[in-house]
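Participant: Spelled out, the chains give:
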Amino acid sequence: MRLGRILSFAVLALVLGASAAANWLAPAGYAKQYREATDAPPSAAHWLGTDELGRDRFARVLYGTRISLLLAPAAALLSTLLAALIGGLAGYLGGVWSRIAMAVTDLFLSLPWLFLLITVRALMPLDVSPFLSVLVTFLLLGLLGWTAAARVLCASAASVRSSDFVRQARAAGVSAQRVFWVHVVPNLKPVLYAQFWISIPVFILSEANLGILGLGVNEPMPSWGSLLKELENMVSVGAEPWKFVPLVVLILVVTSFQVLLSKQEEAAA
Amino acid sequence: MHSLRWKIAGHALSLLATVLLGGLLSATLVRLAPGFDTDERVLDPHLNAASVQALENARHRDDNIFYFYCSYLSRAAHGDLGNSVALGQPVRVLLRERIPLTVRLLGIGLGLSWILASTLALTAAWLRLSIYDAMTTVVSGGLLCLPAAVLALLSVLWNVPGSIAIALIVFPHTYRYARNLLVKVYSRPHILAARARGLGEARILFWHVVPTVMPQMLALAGVSVSMAIGAAIPVEALCGLPGIGELAWQAALARDLPLLVNITVLVTLVTLLANSSADVIGSMFRRQEA
Amino acid sequence: MRLRNCSGNIARLRNAAAVAVICVGAMAGLAAAQGGQLRFCLHNEPKTFNPQQVDDDAAASIRYLTGGVLIRLNRQTQRLEAELAESWKISKDGREISFKLRSGITFSDGTPFTAEDVAYTMQQLMDPALHSPTGDSFRSGTGKVEARVISPTQISIQFPAEVAGLDRLFDQVAILSQNSPKKEMAVLGPFMVADYKPGATVLLQRNPNYWKKDEQGRRLPYLDSILLNIQTNHDVEMLQFKRGELDLINTLDSEYFDKLAATSPQVVHDAGPSLDSEQLWFNEVAKAPIPPYKREWFRSADFRRAISESINREDLSRIVYHGHAQPAMGPFSPANKFWFNASLKPPVYSPDAALKALAADGFRLENGTLKDKSGNAVEFSIITNAGNKARERMAVLIQDDLQKIGIHVNVVTLDFPSLIERMTQSFDYDAIILGLTNVDLDPNEEMNVWLSSAANHQWNPQQKTPETDWEAEIDRFMRAQASSSDPKKRKAAFDRVQEIVVEEQPFIFLINKNALSAVSARVHGAAPVILSPQTFWNAERLTVSGN
Numbered sequence: 001m002r003l004g005r006i007l008s009f010a011v012l013a014l015v016l017g018a019s020a021a022a023n024w025l026a027p028a029g030y031a032k033q034y035r036e037a038t039d040a041p042p043s044a045a046h047w048l049g050t051d052e053l054g055r056d057r058f059a060r061v062l063y064g065t066r067i068s069l070l071l072a073p074a075a076a077l078l079s080t081l082l083a084a085l086i087g088g089l090a091g092y093l094g095g096v097w098s099r100i101a102m103a104v105t106d107l108f109l110s111l112p113w114l115f116l117l118i119t120v121r122a123l124m125p126l127d128v129s130p131f132l133s134v135l136v137t138f139l140l141l142g143l144l145g146w147t148a149a150a151r152v153l154c155a156s157a158a159s160v161r162s163s164d165f166v167r168q169a170r171a172a173g174v175s176a177q178r179v180f181w182v183h184v185v186p187n188l189k190p191v192l193y194a195q196f197w198i199s200i201p202v203f204i205l206s207e208a209n210l211g212i213l214g215l216g217v218n219e220p221m222p223s224w225g226s227l228l229k230e231l232e233n234m235v236s237v238g239a240e241p242w243k244f245v246p247l248v249v250l251i252l253v254v255t256s257f258q259v260l261l262s263k264q265e266e267a268a269a
Numbered sequence: 001m002h003s004l005r006w007k008i009a010g011h012a013l014s015l016l017a018t019v020l021l022g023g024l025l026s027a028t029l030v031r032l033a034p035g036f037d038t039d040e041r042v043l044d045p046h047l048n049a050a051s052v053q054a055l056e057n058a059r060h061r062d063d064n065i066f067y068f069y070c071s072y073l074s075r076a077a078h079g080d081l082g083n084s085v086a087l088g089q090p091v092r093v094l095l096r097e098r099i100p101l102t103v104r105l106l107g108i109g110l111g112l113s114w115i116l117a118s119t120l121a122l123t124a125a126w127l128r129l130s131i132y133d134a135m136t137t138v139v140s141g142g143l144l145c146l147p148a149a150v151l152a153l154l155s156v157l158w159n160v161p162g163s164i165a166i167a168l169i170v171f172p173h174t175y176r177y178a179r180n181l182l183v184k185v186y187s188r189p190h191i192l193a194a195r196a197r198g199l200g201e202a203r204i205l206f207w208h209v210v211p212t213v214m215p216q217m218l219a220l221a222g223v224s225v226s227m228a229i230g231a232a233i234p235v236e237a238l239c240g241l242p243g244i245g246e247l248a249w250q251a252a253l254a255r256d257l258p259l260l261v262n263i264t265v266l267v268t269l270v271t272l273l274a275n276s277s278a279d280v281i282g283s284m285f286r287r288q289e290a
Numbered sequence: 001m002r003l004r005n006c007s008g009n010i011a012r013l014r015n016a017a018a019v020a021v022i023c024v025g026a027m028a029g030l031a032a033a034q035g036g037q038l039r040f041c042l043h044n045e046p047k048t049f050n051p052q053q054v055d056d057d058a059a060a061s062i063r064y065l066t067g068g069v070l071i072r073l074n075r076q077t078q079r080l081e082a083e084l085a086e087s088w089k090i091s092k093d094g095r096e097i098s099f100k101l102r103s104g105i106t107f108s109d110g111t112p113f114t115a116e117d118v119a120y121t122m123q124q125l126m127d128p129a130l131h132s133p134t135g136d137s138f139r140s141g142t143g144k145v146e147a148r149v150i151s152p153t154q155i156s157i158q159f160p161a162e163v164a165g166l167d168r169l170f171d172q173v174a175i176l177s178q179n180s181p182k183k184e185m186a187v188l189g190p191f192m193v194a195d196y197k198p199g200a201t202v203l204l205q206r207n208p209n210y211w212k213k214d215e216q217g218r219r220l221p222y223l224d225s226i227l228l229n230i231q232t233n234h235d236v237e238m239l240q241f242k243r244g245e246l247d248l249i250n251t252l253d254s255e256y257f258d259k260l261a262a263t264s265p266q267v268v269h270d271a272g273p274s275l276d277s278e279q280l281w282f283n284e285v286a287k288a289p290i291p292p293y294k295r296e297w298f299r300s301a302d303f304r305r306a307i308s309e310s311i312n313r314e315d316l317s318r319i320v321y322h323g324h325a326q327p328a329m330g331p332f333s334p335a336n337k338f339w340f341n342a343s344l345k346p347p348v349y350s351p352d353a354a355l356k357a358l359a360a361d362g363f364r365l366e367n368g369t370l371k372d373k374s375g376n377a378v379e380f381s382i383i384t385n386a387g388n389k390a391r392e393r394m395a396v397l398i399q400d401d402l403q404k405i406g407i408h409v410n411v412v413t414l415d416f417p418s419l420i421e422r423m424t425q426s427f428d429y430d431a432i433i434l435g436l437t438n439v440d441l442d443p444n445e446e447m448n449v450w451l452s453s454a455a456n457h458q459w460n461p462q463q464k465t466p467e468t469d470w471e472a473e474i475d476r477f478m479r480a481q482a483s484s485s486d487p488k489k490r491k492a493a494f495d496r497v498q499e500i501v502v503e504e505q506p507f508i509f510l511i512n513k514n515a516l517s518a519v520s521a522r523v524h525g526a527a528p529v530i531l532s533p534q535t536f537w538n539a540e541r542l543t544v545s546g547n
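Protein chains in written order, with the numbering used here: chain A, 1 to 269; chain B, 1 to 290; chain C, 1 to 547.
Source of the hints: derived by calculation from the structure; they are not laboratory data.
Treat the hints loosely; a few may be bogus.
Below are the EDC-like pairs computed for lysine to aspartate or glutamate, each with C-alpha atoms no more than 20 Å apart in a straight line [claimed, not checked]:
{"no.": "1", "chain 1": "C", "residue 1": "LYS242", "chain 2": "C", "residue 2": "ASP224"}
{"no.": "2", "chain 1": "C", "residue 1": "LYS47", "chain 2": "B", "residue 2": "ASP133"}
{"no.": "3", "chain 1": "C", "residue 1": "LYS373", "chain 2": "C", "residue 2": "ASP270"}
{"no.": "4", "chain 1": "C", "residue 1": "LYS212", "chain 2": "B", "residue 2": "GLU97"}
{"no.": "5", "chain 1": "C", "residue 1": "LYS89", "chain 2": "C", "residue 2": "GLU162"}
{"no.": "6", "chain 1": "C", "residue 1": "LYS345", "chain 2": "C", "residue 2": "GLU162"}
{"no.": "7", "chain 1": "A", "residue 1": "LYS32", "chain 2": "C", "residue 2": "GLU314"}
{"no.": "8", "chain 1": "C", "residue 1": "LYS389", "chain 2": "A", "residue 2": "ASP164"}
{"no.": "9", "chain 1": "C", "residue 1": "LYS242", "chain 2": "A", "residue 2": "GLU36"}
{"no.": "10", "chain 1": "C", "residue 1": "LYS294", "chain 2": "A", "residue 2": "GLU52"}
{"no.": "11", "chain 1": "C", "residue 1": "LYS242", "chain 2": "C", "residue 2": "ASP270"}
{"no.": "12", "chain 1": "C", "residue 1": "LYS389", "chain 2": "A", "residue 2": "ASP39"}
{"no.": "13", "chain 1": "C", "residue 1": "LYS89", "chain 2": "C", "residue 2": "GLU215"}
{"no.": "14", "chain 1": "C", "residue 1": "LYS488", "chain 2": "B", "residue 2": "GLU97"}
{"no.": "15", "chain 1": "C", "residue 1": "LYS259", "chain 2": "A", "residue 2": "GLU232"}
{"no.": "16", "chain 1": "A", "residue 1": "LYS229", "chain 2": "C", "residue 2": "GLU314"}
{"no.": "17", "chain 1": "C", "residue 1": "LYS100", "chain 2": "A", "residue 2": "GLU230"}
{"no.": "18", "chain 1": "C", "residue 1": "LYS294", "chain 2": "C", "residue 2": "ASP235"}
{"no.": "19", "chain 1": "C", "residue 1": "LYS337", "chain 2": "C", "residue 2": "GLU499"}
{"no.": "20", "chain 1": "C", "residue 1": "LYS371", "chain 2": "A", "residue 2": "ASP127"}
{"no.": "21", "chain 1": "C", "residue 1": "LYS294", "chain 2": "A", "residue 2": "GLU230"}
{"no.": "22", "chain 1": "C", "residue 1": "LYS488", "chain 2": "C", "residue 2": "ASP258"}
{"no.": "23", "chain 1": "C", "residue 1": "LYS259", "chain 2": "A", "residue 2": "ASP127"}
{"no.": "24", "chain 1": "C", "residue 1": "LYS488", "chain 2": "C", "residue 2": "ASP93"}
{"no.": "25", "chain 1": "C", "residue 1": "LYS259", "chain 2": "A", "residue 2": "ASP39"}
{"no.": "26", "chain 1": "C", "residue 1": "LYS212", "chain 2": "C", "residue 2": "GLU83"}
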């Protein structure tokens with residue numbers, strides 16, 4: 001497992017380092033269109049080939065990493081905190097609070113949020129800076145992505161609340177606050193780790209899907225999500241394996257995150 | 001006995017209130033989103049000014065969302081769910097035609113994903129092998145990283161039923177939770193002690209693990225229904241399966257208010273039922289354990 | 001002409017005379033091959049089976065296959081042919097058309113067809129409450145349309161004012177039965193709707209009572225049935241075609257064309273430039289909520305010409321359409337042989353000339369950024385509809401082209417309803433890229449686009465009086481062509497319209513797409529053309545082998 005952690009560190013450091021050094025590794029930038037070499041296979045000039053507009057795919061992966069790898073974990077953290085707060089408290093407090101919180105959660109799970117996102121797009125000016133647009137997108141994802149975990153957390157917290165040791169602790173006069181932090185929160189950790197980890201790739205992909213509403217990363221800026229959307233072109237991808245590179249990088253990064261998280265999980269257990 | 005009846009009545013009432021609120025909120029969201037009172041047909045230059053005006057007026061009829069919702073509710077109380085704007089058919093007919101397919105699709109898909117997730121998670125908790133963990137992480141991580149549309153397209157490409165695609169989309173969303181929960185339970189002192197005493201694995205599982213972890217697992221199963229409904233949209237649309245997901249997508253693109261409100265009410269109802277029954281059964285386990 | 005969100009069923013011309021000859025030859029050889037099922041995709045849910053309310057591509061395809069019409073526009077020869085009418089005559093003043101109908105014909109359910117049915121159809125179609133696009137095209141003036149039945153096989157229809165290109169409008173009018181209990185499901189076309197599974201399939205079966213026979217005296221159509229899959233996703237359509245589950249792709253995406261051509265060149269057809277165009281236009285609406293200095297740019301013809309000159313159309317065609325498109329010259333594609341103005345000059349790509357012209361108007365380049373005479377950086381957004389890969393790619397290429405003259409462009413994709421709202425209601429946009437689909441060759445179809453008072457005059461719709469001299473001039477010439485029945489005079493008037501549009505660039509026409517289609521080897525007799533429906537216009541004579 002030690003080896004795994006070292007490898008994971010190496011992968012994350014490599015990916016982050018490469019994206020930080022993108023200006024140097026891909027000096028022509030992510031938007032430069034090599035119009036004479038569109039949809040080209042890998043070559044010495046373009047290590048991962050070019051996309052359908054002749055832009056260097058390697059450069060796009062590097063620059064795309066910056067946005068996706070910074071903002072997706074941040075949004076994942078936000079959604080995890082919200083889930084912990086809403087689900088954990090609701091389960092721990094029980095009664096009416098729990099009922100209300102869970103009704104709200106269920107509504108969040110069922111409403112057509114697509115329309116909220118469309119409205120948000122309409123409220124932003126058309127010439128909003130790409131970074132702000134991405135930021136708003138990930139913020140929305142973080143604000144909407146906590147629901148499933150909250151329900152599981154609520155059940156976890158309720159179990160802890162009704163367990164013998166918490167009853168005894170409460171009977172012995174330990175304050176509710178202390179019980180929450182000492183007994184309840186540690187029991188939520190397995191779910192919180194899972195929520196954080198799952199949210200990262202989910203948000204990266206959601207950002208790309210929101211592109212169709214004019215939210216998220218605007219052209220010509222790349223993001224991992226928009227690079228992964230290339231895979232939807234099934235007919236050609238099979239014969240062009242280099243188009244899978246962004247997917248492989250993302251899987252490597254996500255796996256590395258999990259390996260590092262599992263160290264924390266073990267410590268928590 | 002009396003109090004139980006009150007309790008059930010209270011639950012049913014709050015359920016109803018939530019469903020109604022869900023319908024109203026969805027109607028409001030749709031109404032506020034831009035493009036509500038547009039109709040693609042106005043771009044047809046064959047239409048003269050009067051016809052364009054008529055198309056626009058038809059849309060403005062539903063401008064007042066409260067009025068729309070109240071009249072919708074009063075009609076719904078008599079079993080009339082209104083007419084779809086985009087498809088020109090009664091919503092009731094549309095739903096009745098499509099519900100069986102989606103129920104089957106989601107039923108099989110969810111069943112498969114639960115079996116897969118719980119088997120793999122239990123194995124992970126039993127084995128505690130880092131190699132096994134690494135493998136399942138790569139597999140579930142890989143599935144998470146694939147856009148749902150890609151999985152749906154793959155199922156078309158390989159002629160695999162859509163329910164498999166649903167299972168593969170939902171599985172990674174549930175596996176990690178289940179695995180972490182089970183690993184946590186298996187590392188609890190009393191279970192470690194039971195193992196040390198040489199108790200059989202089956203006995204440990206059913207006497208100690210299941211009662212402890214069941215409420216959370218049930219809650220997870222409850223929310224996975226919502227995940228599956230979300231996954232049904234791309235899968236149905238791409239695999240050419242005419243179900244509720246495909247209908248919801250068409251309705252969203254056409255800003256078909258009556259259809260969207262009915263679908264939201266339906267989805268809210270299913271979500272609430274799934275989650276509340278998970279809660280109720282889960283609390284029984286909790287009481288047992290206590 | 002119609003603005004479309006995605007490439008639907010679109011008009012196409014032919015340059016496939018050779019293909020047609022080969023196909024006819026093949027058909028004769030396979031004369032015995034009858035029966036079987038043809039399968040292809042509809043790209044949207046048909047919203048109606050009532051031929052008079054057709055307003056989407058899927059419903060139009062079904063109307064084409066099931067509806068019997070008095071006059072048919074032959075998609076290959078582009079000439080009108082007598083169908084249910086043996087002959088017809090238009091009065092000198094262009095206000096009356098009289099038909100001599102074929103006798104002994106029955107609807108699919110056995111109800112006889114008479115002149116009463118034609119009268120009934122026209123009466124239904126012209127009902128103002130129906131708001132039928134087909135009906136509206138006949139409405140040239142106020143007043144009632146009168147159908148006079150002279151005998152069971154003779155009828156004349158009078159219009160309150162002259163209708164330009166009157167006879168060709170009947171290509172869209174499927175005759176309904178007045179007496180059949182099956183209402184609009186009783187049809188006179190080669191096929192009839194047998195089954196409809198919403199969201200999945202429409203099954204058409206051969207109409208046993210179809211009147212037409214082939215040269216050997218056998219009843220048409222040859223096919224037993226047509227299965228239409230409702231599938232919006234073009235990737236899935238392509239997969240199914242490759243697997244042999246579909247026989248036709250009516251409008252093939254250019255990227256798939258090359259991929260298919262690489263493996264099976266015999267199945268793909270490029271019928272040459274179609275009538276469709278893609279264009280960019282600026283928001284010239286006076287009350288639009290955009291900064292006044294931007295409105296000033298957008299309303300300047302010099303500015304629009306400079307933008308047009310800075311766009312590399314060759315690259316748009318080569319990169320986005322893989323060469324299966326031609327740089328557009330003006331409102332009409334050269335494919336529209338009669339109406340296209342051949343004296344138009346092809347667009348030139350010259351960023352230097354554009355910069356020079358802009359400099360004359362007070363624009364200047366400062367550190368790579370173009371500024372107007374008041375010092376505002378020239379920057380605007382282009383919106384287009386999400387999900388149309390070709391338009392998104394064109395937008396990004398144009399973004400890059402304009403960067404070269406110091407203009408910063410934001411590309412934003414929106415879902416179609418949001419886009420329509422900005423385009424037709426709030427006017428909150430700078431520029432839009434959309435396409436126009438032409439279903440007919442006649443410019444009269446485009447009255448509601450070019451008249452400054454019309455709702456589809458997209459760059460500045462519904463003007464009370466023309467706001468510019470050139471729009472007033474367009475109005476005049478469009479009205480002139482509409483009120484004449486002399487083809488020469490009409491052509492001269494519309495030639496002027498084309499010249500003014502090219503000069504003023506209210507629409508910056510980008511490219512004309514080629515008509516691309518795919519036909520599997522098991523289909524015989526297909527001769528794809530550029531007019532819609534490209535591959536199955538002769539469905540009644542198609543055969544399939546190996547069912």
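Participant: Where does the structure disagree with the numbered hints, that is, which hint numbers, in rising order?
Facilitator: Numbers 1, 2, 3, 4, 6, 8, 9, 10, 13, 14, 16, 17, 18, 21, 22, 23 - these are the hints that the structure violates, sorted from lowest upward.
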